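The residues making up each chain are set out below.
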Amino acid sequence: QKEVEQNSGPLSVPEGAIASLNCTYSDRGSQSFFWYRQYSGKSPELIMSIYSNGDKEDGRFTAQLNKASQYVSLLIRDSQPSDSATYLCAVNPGYGNKLVFGAGTILRVKS
Amino acid sequence: DAMVIQNPRYQVTQFGKPVTLSCSQTLNHNVMYWYQQKSSQAPKLLFHYYDKDFNNEADTPDNFQSRRPNTSFCFLDIRSPGLGDAAMYLCATSRSPFKRGSSYEQYFGPGTRLTVT
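Chains as they are written, first to last, in the numbering used here: chain A, 1 to 111; chain B, 1 to 117.
No wet-lab data here; the hints were simulated from the structure.
Hints should not be assumed to be uniformly reliable.
The calculated SDA-like cross-link candidates involving lysine to any residue, where the alpha carbons are at most 25 angstroms apart (straight line), are [claimed, not checked]:
1) B/Lys44 / A/Leu46
2) A/Lys110 / B/Ser40
3) A/Lys42 / B/Asp1
Everything numeric in this text was worked out from a predicted model, so none of it was measured.
Take the sequences, apply the hints, and build the full model.
This is the structure in structure tokens:
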């Protein structure tokens, strides 16, 4: 069974702190990894993609990938109340054109 | 701006009454996907088109069908909606993968919220 697992949360952080969101996946053949942000009642919005081991930074967001540990994470620096949303981890399982999504982690940033 | 458009945004249908949801894109992507998402759950892939090649997920009920008449448009048909089909339906697009077993980013439309009465 191809699975992507995330802690459902909610993860609560104070404004200005670093939020750390984690995701593990089961298929060692996975090659493409994505983070989506989804506000309540809205559709997922792509915020980061990562394909190689290591870190990838884009503004306040950093994605980290460790294929040996089958682990991908998202760091949000200087968290803002507007970052409060559900964050979905998505993984291409190594075949086909499709993504397998985790159920998401709810992030709450308190002002 | 290039985008993925879904219509209608909200759809109410009666139990058993066929309904069609539409998706169009101006991104010129050759892969289009339909997902079902229920509250607090992950998006669940129903099927996708790679160009005109239809790919159904094994656990997608026969009640769900799809058509892609051209590159820009894709439709989701629910032949006999049940109460359990009430959900957000998401259309997404992507370019074809850069290598076997990989994936480019998928971009989602705003979704259609389906209510079944």
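Checked hints:
{"no.": "1", "hint": "B/Lys44 / A/Leu46", "verdict": "17 angstroms, holds"}
{"no.": "2", "hint": "A/Lys110 / B/Ser40", "verdict": "21 angstroms, holds"}
{"no.": "3", "hint": "A/Lys42 / B/Asp1", "verdict": "19 angstroms, holds"}
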